[in-house]
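Undergrad: We have chain A already, so just place chain B on it with the hints.
There are 2 protein chains.
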Amino acid sequence: MRWSETYIPTLKETPAEAEIASHRLMLRAGLIRKLAAGTYSYLPLGMRSLAKVTAIIREEMEAASVREVLLPALQPAELWKRSGRWETMGPEMIRFKNRHGRDTVLGPTHEEVITDLLVGEVRSYRDLPKNLYQIQTKFRDEPRPRFGVIRSCEFLMKDAYSFDRDAEALEKRYRRMFEAYETIFKRCGLNTIPVEADTGVMGGDDSHEFMVPAGSGEDTIVQCAGCGYAASKDRAAKKLGVEIQEGVACPKCKKGMKLLPAIEVGHIFKLGTKYSAALGAAFLDEAGQSKPIIMGCYGIGVTRLLPAIIETHHDEAGILWPVSVAPYPAVIVPLKISDPAQAGLPEQVERELTEAGVECLLDDREVSAGVKMKDADLIGFPIRILLSDKTLQKNSAEVKFRGEAEATLVPLTELLQQVKKRA
Amino acid sequence: MRWSETYIPTLKETPAEAEIASHRLMLRAGLIRKLAAGTYSYLPLGMRSLAKVTAIIREEMEAASVREVLLPALQPAELWKRSGRWETMGPEMIRFKNRHGRDTVLGPTHEEVITDLLVGEVRSYRDLPKNLYQIQTKFRDEPRPRFGVIRSCEFLMKDAYSFDRDAEALEKRYRRMFEAYETIFKRCGLNTIPVEADTGVMGGDDSHEFMVPAGSGEDTIVQCAGCGYAASKDRAAKKLGVEIQEGVACPKCKKGMKLLPAIEVGHIFKLGTKYSAALGAAFLDEAGQSKPIIMGCYGIGVTRLLPAIIETHHDEAGILWPVSVAPYPAVIVPLKISDPAQAGLPEQVERELTEAGVECLLDDREVSAGVKMKDADLIGFPIRILLSDKTLQKNSAEVKFRGEAEATLVPLTELLQQVKKRA
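Sequence order for the protein chains is A and B. The opening position of the first sequence corresponds to residue 0 in numbering that gives the first Met the number 0, with each subsequent residue numbered one higher. The opening position of the second sequence corresponds to residue 0 in numbering that gives the first Met the number 0, with each subsequent residue numbered one higher.
Hints may be right or wrong, so weigh each one.
Far from chain A by the CB rule (all over 12 Å, computed), these chain B residues [said to hold, decoys possible]:
| id | residue |
| --- | --- |
| 1 | H312 |
| 2 | R364 |
| 3 | L391 |
| 4 | L408 |
The calculated DSS-like cross-link candidates involving lysine-lysine, where the alpha carbons are at most 30 Å apart (straight line), are [unchecked claim]:
| id | chain 1 | residue 1 | chain 2 | residue 2 |
| --- | --- | --- | --- | --- |
| 5 | B | K420 | A | K33 |
| 6 | B | K33 | A | K269 |
| 7 | B | K33 | A | K80 |
| 8 | A | K80 | B | K232 |
| 9 | A | K33 | A | K11 |
| 10 | B | K254 | B | K290 |
| 11 | B | K33 | A | K96 |
| 12 | A | K290 | B | K33 |
| 13 | A | K232 | A | K185 |
| 14 | A | K251 | A | K269 |
| 15 | A | K290 | B | K11 |
| 16 | A | K96 | B | K80 |
| 17 | A | K290 | B | K371 |
| 18 | B | K269 | A | K33 |
| 19 | A | K33 | B | K96 |
| 20 | B | K251 | B | K232 |
Keep in mind the hints are simulated off the structure, nothing from the lab. Ideal placement from N, C-alpha and C gives every residue a C-beta, glycine not left out.
Just chain A, with the same shape it has in the complex:
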């Protein structure tokens, strides 16, 4: 891929709107642009990283036997009235009347819709379990959208829902999803702490949040240095019955607990029968008794993963993408190649890498060496391959891994092999 054939408007200056590192870097590296308060466009590089992240999520959901669906954003108010959330959801839920005067909701979440989807079609214990997910746009009219795509009014979410016959089956499913979440975040290069959490407006019995410790995080978690117990601040306060401060005693081992700022990237809930009972999603058990289906729901803030990764993977010069989610693992930077016989070499390297399955971007812009090097660091390609008169005199390319201090001269004959090892 050539730089000139895509759209990467990098910025030298930090836009005034950017408050935290990820927001600043996503704008500067040309990953996103703001359309209005709380709404962002993804440009080609941002879209590529987003596609990597969603591909990882899809793989792990399929591996956990969860099947993909796609549910509408436009939802009839009637469903929300039946679940009771028409009243309990605040002004962050976008509501309007359609042209026929019907109250319509722009889905902030999909428990009602997916529960209704199974009514009358899942009838017997033999039809259970069912495990479904979607990756879809959610809408929330945030009072104070901020931090770029971390708290925005329109965002991609992966929301999965489980339908089981009893609490035991739910417990098993919940653990399987917990494991899938740990794998997903790990593959994205994220270090998450799973914490006990409140269920809030979702209802239900039990829930865990997956938190990425980061100085800029809007949430606060408490973690025990002794036994490792961790909870959201609110949950810990409720459990302990006290205001949480640094050093408060762990409810499990009584050691002192630490407060940590963090970014929430996932949240899983044991919903129980709240939605199935309200919406009539029932099944007949072996004895022919009708029972409400036991539900769980499992969310990942998909568009929030990119800023969470960047918050924990950057330096002064720019982003340090993990290879798994980099827009391109490698960038090829040709500098002042005066020998006409070598003029086609960057294109040849690009072709060879691409054919070997290494996605790479060839910086074919007519700009200075300094601009190319700075942009490569800013965007944060894991591997930078520099070709110049100097390297070509030694039949070599200069290979530098982002985040490592030293560059290495690699003979052209070994380049593909060396790069493949790390890409």
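TA: Relative to chain A, chain B alone:
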């Protein structure tokens, strides 16, 4: 993949809401379910075919050097006022005030947003051309949603936009997109007729629609049996200055023209400078003169492709999926296998096909042979592999291709090879 591990609620009866074959079959085969007037949920099988179609589109867009972006659905009214479409778009555009009282549009299309995205960042003729696309949900408050996902209020669209320096470059790009469209529709198994069309509310100079001839189509095209000239009915009427009826003379060769009902699946436009001039998307040419960027836009009704395929690929028993877009190319149907030594065979065939890259569904339901065979025909898997005592006595499987009358007994040792050929 096992049938029991996904969610395929097939229906024996035709739902009363279904007016045409594709609508009826998408409901009966468990591809979609209606949530409310004009809004549908995609179930796992529908989602798989949708994923096949979007993968084809993405491959052909990339091959045509078009790069993927993702633009917001929530759009500030201000942009639409500047383009003039705040007034010209009718009540099908969903508008509401957000919690801060700002007029907001739920995007029915994205010319304004994408044009604004380039303002101030594409500055010189050296930054052009740019070619971007997205696959994203559009919202239109249809007065009379009908035909299932053919005319719905929320649908997936692929919308691409080109930005060029002059009419000549646009013409070249337009032709390249025209070719990409022909390839995409062909790969989806669709026979399309490209027709001259009106530009309507989009504005611009020139446009073509890609139409799938189908008895249930809401649109009408005219086609000349002599020279092949084809146009939408409205366009032909304007061009000829007469009301179009069967047998009207072709404007090119004067032969009689035929009227054909058809489904519109794609529409490409030479927009010219309508949006770039209104929104200030300009570039400096070699002489340092500021000029508005010349634009084109290129739409595909992604969710409309499935019903268009089904309208043209079905029989009395159900769907006849082209392999390229089938939810699974193959279904494995085990029937009454009484020999305990053979009990694991269906699973083994499933594993071998999957490992060989043939996506297959194993019908592990405890239902009658009749139900399994009927559902296999209804869903329309291209290849049905039947395993029974009868076939196993001959160390064989019965392989039947959907739409072909005869089944063939294939030795188990040749099964993989035979299936791979057609999958």
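Undergrad: Evaluate each hint against the coordinates.
TA: Hint by hint, here is what the structure shows:
no., hint, in the structure
1, H312, "holds (22 Å)"
2, R364, "violated (9 Å)"
3, L391, "holds (26 Å)"
4, L408, "holds (33 Å)"
5, B:K420 with A:K33, "violated (49 Å)"
6, B:K33 with A:K269, "holds (27 Å)"
7, B:K33 with A:K80, "holds (19 Å)"
8, A:K80 with B:K232, "violated (46 Å)"
9, A:K33 with A:K11, "holds (17 Å)"
10, B:K254 with B:K290, "violated (44 Å)"
11, B:K33 with A:K96, "holds (19 Å)"
12, A:K290 with B:K33, "holds (25 Å)"
13, A:K232 with A:K185, "holds (24 Å)"
14, A:K251 with A:K269, "holds (22 Å)"
15, A:K290 with B:K11, "holds (25 Å)"
16, A:K96 with B:K80, "holds (22 Å)"
17, A:K290 with B:K371, "holds (28 Å)"
18, B:K269 with A:K33, "holds (27 Å)"
19, A:K33 with B:K96, "holds (19 Å)"
20, B:K251 with B:K232, "holds (15 Å)"
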